[in-house]
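Peer 1: Heads up: the protein sequence lines correspond to chains A and B, in order.
In this text, residue positions in the first sequence follow this note's numbering: the first is 1, and each later residue adds one.
In this text, residue positions in the second sequence follow this note's numbering: the first is 1, and each later residue adds one.
Calculated from the structure, these hints are not laboratory results.
A hint or two may mislead.
Straight-line alpha carbon distances no greater than 30 Å define the calculated DSS-like cross-link-like pairs of lysine-lysine that follow [said to hold, decoys possible]:
#: 1; chain 1: B; residue 1: Lys129; chain 2: A; residue 2: Lys147
#: 2; chain 1: A; residue 1: Lys105; chain 2: A; residue 2: Lys198
#: 3; chain 1: A; residue 1: Lys50; chain 2: A; residue 2: Lys16
#: 4; chain 1: A; residue 1: Lys25; chain 2: A; residue 2: Lys224
#: 5; chain 1: A; residue 1: Lys219; chain 2: B; residue 2: Lys31
#: 6; chain 1: B; residue 1: Lys169; chain 2: A; residue 2: Lys246
#: 7; chain 1: B; residue 1: Lys87; chain 2: B; residue 2: Lys169
#: 8; chain 1: B; residue 1: Lys291; chain 2: A; residue 2: Lys230
#: 9; chain 1: B; residue 1: Lys67; chain 2: A; residue 2: Lys224
#: 10; chain 1: A; residue 1: Lys246; chain 2: B; residue 2: Lys129
#: 11; chain 1: B; residue 1: Lys15; chain 2: B; residue 2: Lys218
#: 12; chain 1: B; residue 1: Lys218; chain 2: A; residue 2: Lys230
#: 13; chain 1: A; residue 1: Lys219; chain 2: B; residue 2: Lys187
#: 14; chain 1: B; residue 1: Lys67; chain 2: B; residue 2: Lys208
#: 15; chain 1: B; residue 1: Lys311; chain 2: A; residue 2: Lys230
#: 16; chain 1: B; residue 1: Lys67; chain 2: B; residue 2: Lys218
#: 17; chain 1: A; residue 1: Lys25; chain 2: B; residue 2: Lys276
Since we're looking at a predicted model, the values are computed, not measured.
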Amino acid sequence: MNILVCISNVPDTTSKINFVENGTKFDKNGVQFVINPNDEFGLTKAVWMKESHNAAVTVLTVGDQSVEPTLRKCLAIGADKAIRIDCSSKDGFSVAKEISHFSQKENFDLIICGRESIDYNGGMVGGVIAGILDYNFITNCVDLDIKGTNALVSREIDGGIETLECNLPLVLGAQKGLVEESDLIIPNMRGIMMARQKPLETIEAQNFNAESINQGYHKPDAKKEVKLVKADEVDKLIDLLENEAKVI
Amino acid sequence: MSILIYTESENNEFKKSALEALSYGKALGEKMGENVTCLSINSNNFNSLKQHGADRIIDIQNQSLEKFIVKNYAEVIHQIVISESIKTIILSSSANSKYLGAYLSGKLESAYMSNVIELPSEINPFLVKRTCYTNKAFSTTEIKSEIKIISVSSNSFGIIENVTDPDIKKIDVEIKSSDLKIKKIDKQTGAVTIADADIVVSGGRGLKGPENWHLIEKLANLLGAATACSKPVSDLGWRPHSEHVGQTGKPVASNLYIAIGISGAIQHLAGINSSKVKVVINNDPEAPFFKAADYGIVGDAFEVVPELIQKLEARNNNN
Ligand SMILES: Cc1cc2nc3c(=O)[nH]c(=O)nc-3n(C[C@H](O)[C@H](O)[C@H](O)COP(=O)(O)OP(=O)(O)OC[C@H]3O[C@@H](n4cnc5c(N)ncnc54)[C@H](O)[C@@H]3O)c2cc1C
C-alpha cells in the first residue's frame with residue numbers, strides 16, 4: 001500500500017501570535033515550528049500501517065526550505081521518504097493543487113491530511129485534493145481500518161460518530177482519535193540517525209494561482225477585566241448573566 | 001443572479017446553523033443586489049426558511065440523498081450552480097457543511113473560506129474577515145475566484161427574522177451511485193450538541209473524577225446547555241472524546257461558556273475564545289482563565305456549583 005501524508009509546518013501551540021510589517025506577516029521571531037497536530041495523528045497511523053499493511057509512507061510539504069526540519073522529524077518518526085514541493089505556500093487552494101498534481105502520477109491508495117491546520121484553519125486541503133482527483137473523501141476521522149482495497153472509517157459528526165465504508169483511493173482528514181495523544185511517536189536516537197539517510201527530495205512547483213489572498217491580520221481587542229462575584233453570592237452571577245450579558 | 005444557501009435540515013427541521021447561514025446570505029444579497037435561493041434536500045416544511053429571508057427555495061426530494069454522502073451533495077450543488085449561474089454559495093459551520101465546503105472547493109475549482117465571521121467589508125475586491133490561528137487572530141482575506149464558497153462561523157452573525165413569500169421550485173437531480181456507503185450513525189438522542197448549543201458547560205480536572213460529573217450535567221440540563229470538557233479529562237477517560245474542546249478538540253462558539261475547574265491553558269482558550277460570554281469557576285485566583293473570562297467566581301466548585309444549581313432551580317420554578 002502506498003500512503004501519502006501531507007504535512008503542514010505550523011507554529012507550536014504555545015506560540016505567541018504576533019504580526020509584523022503592518023499586520024501582513026506572521027512574526028516568526030522566537031517561534032518554534034512543529035508538525036501540525038492533526039497531521040501528526042495521521043502520520044502516526046500511517047507509520048503503524050507500515051507493519052500492519054506493508055505500507056510505504058511518503059510525507060510531503062509545499063513550502064520553502066525552512067520547512068525541512070519538520071520533514072526530517074517526520075522521517076525520524078518513521079516515514080520512508082519526504083518530498084518538498086518548492087514554493088512559498090500562497091493559499092490552501094494552490095497548495096492542494098500542487099499536491100493533486102504531484103499525486104496524479106503516483107497512484108497513492110491513501111492520502112492523509114490533517115482535518116485542518118492550526119494556523120490558517122482553512123480545513124480545505126484534503127477536500128480540494130479529493131474534489132480535483134475525484135477520490136473519496138472523509139474528514140474528521142477517528143478510526144480507520146483497511147482490508148484489501150476497502151476502507152472502514154469512523155468520523156466525528158455533530159453529536160456523534162458515523163461509520164462509512166468505501167473503496168480506495170481515499171483522501172482522509174485526520175484528527176485526534178485516529179490515534180491517541182499517547183500513541184504519538186517521539187523519535188529516538190536511532191530514528192533520528194536513520195532519518196538522515198532517508199531521501200528528502202525537492203520538486204519544482206507548478207506555481208498554480210491562489211484563489212484567495214490574505215491582505216492582513218489583526219488580533220482581538222484587549223479584553224475587559226473579569227467581573228468577580230463572591231462565592232457565596234451566586235445569585236449575583238445569575239443576575240449578571242440574565243440582565244447584563246443577557247445570555248440566559 | 002442569486003446567492004445559494006445550503007440550508008441543512010435534520011428530521012424535517014432546518015438547523016439553527018442553517019438559519020444563520022440564510023440570515024447571512026440574505027444580508028449579503030442586500031449588499032450585492034441579489035436575491036437568495038435556499039437549497040432544501042428532503043424536507044417538506046419550509047416555514048422557518050420563510051421566516052428568515054428566503055426569496056426562492058429549491059426543493060429536492062431524492063432517495064439517494066437520504067444520507068449525507070459528500071460527493072452526492074456536491075454533485076447536486078454543482079448541477080444547481082450551472083443551471084442557476086450561481087456565483088456565491090453560503091454554508092453553515094456544521095460538521096457536514098464544512099466537509100461539503102472543502103470538497104466543493106476542489107470540484108468547482110473555487111476558493112472556500114471557512115470560519116467567516118462578518119459580511120464582506122467590500123464586494124469588489126471581495127474581502128472577508130475570518131478567524132485564524134485557532135481564534136487567536138483574524139485575517140482579512142480577498143476571495144479571487146469567480147465562484148465563492150463561504151462557511152459562516154456559528155453564532156457569529158446571528159439569526160435574523162425576515163418574513164418572505166418565496167417561490168418554491170421542485171427540481172430533479174441525477175445522482176450516480178457511489179461506492180461510499182454510510183454503515184452506521186451513532187448519535188446521542190436528545191442531548192444538545194456542542195456545535196448547536198447556545199450555552200456550553202465545561203468541566204476540567206478540578207472536578208477530580210467522573211463520579212462528580214453529575215454536577216456538570218445537572219447545571220447543563222437546567223440551562224439547556226451542551227456539556228464539554230478539557231483535554232486531560234477526555235484523555236483520562238472521564239468523558240468521551242467528543243466532549244473535548246480546545247485547540248486539538250472541538251471549537252466552541254456559544255453565547256455562553258461556563259468553565260468549571262479548568263485552568264485556562266492557552267490551548268484550551270484557543271478553542272473556546274469565540275464564545276461571546278465566558279464564566280470561570282475556579283478555586284485558584286491565579287488561574288489563567290480569569291484573564292480570559294468576563295465573569296468569575298473564585299471558589300470551590302463542589303460548593304459553588306450545587307449552590308448555582310439550587311438558585312437556578314428556584315429561578316426556573318418561579319418563571
Ligand atoms: C499540543 C497540545 C494541544 C492541547 N490541546 C488542548 C485542547 O484542545 N484542549 C484542552 O483543554 N487542553 C489542551 N491541551 C492541554 C492544556 O495545555 C492543559 O494541560 C489542559 O487544558 C488543562 O486541563 P484542565 O484545566 O482541566 O486541568 P488543570 O490544568 O489541571 O487545571 C485544573 C484546574 O482546576 C482548578 N481546581 C482544582 N480543584 C478545584 C475545585 N475544587 N474547585 C474549582 N476549581 C478547582 C485548579 O485550580 C486548576 O486551575 C493541549 C496541550 C498541548 C501540549
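Peer 1: Does the structure keep Lys129/B and Lys147/A at a Cα separation of 30 Å or less?
Peer 2: violated (43 Å)
Peer 1: Please verify whether Lys67/B and Lys224/A have alpha carbons no more than 30 Å apart.
Peer 2: This hinted pair is violated, its Cα atoms lying about 45 Å apart.
Peer 1: Mind checking the alpha carbons of Lys218/B and Lys230/A for me, to see if they're no more than 30 Å apart?
Peer 2: holds (22 Å)
Peer 1: If you draw a straight line from the CA of Lys67/B to the CA of Lys218/B, is it 30 Å or shorter?
Peer 2: violated (33 Å)
Peer 1: Could you grab the alpha-carbon distance between Lys67/B and Lys208/B and see if it respects the 30 Å cut-off?
Peer 2: Violated, at about 40 Å.
Peer 1: Please work out if Lys15/B and Lys218/B have their alpha carbons no farther apart than 30 Å.
Peer 2: holds (25 Å)
Peer 1: Just to be careful, I want the Cα atoms of Lys219/A and Lys187/B compared with a cutoff of 30 Å; is the pair within it?
Peer 2: violated (37 Å)
Peer 1: Would you check the hint for Lys105/A and Lys198/A, treating anything up to 30 Å between C-alpha atoms as holding?
Peer 2: holds (22 Å)
Peer 1: Given the proposed pairing of Lys25/A with Lys276/B, does the C-alpha separation stay at or below 30 Å?
Peer 2: holds (27 Å)
Peer 1: Holds or violated: Lys87/B with Lys169/B, Cα cutoff 30 Å?
Peer 2: The given pair, whose Cα atoms are some 19 Å apart, holds under the 30 Å limit.
Peer 1: Taken at face value, is the distance from the CA of Lys129/B to the CA of Lys246/A at most 30 Å?
Peer 2: The hint holds at about 26 Å.
Peer 1: Regarding the pair Lys169/B and Lys246/A, is the alpha-carbon distance no greater than 30 Å?
Peer 2: violated (40 Å)
Comparing the model with each numbered hint stated earlier shows that hints 1, 3, 6, 9, 13, 14 and 16 do not hold.
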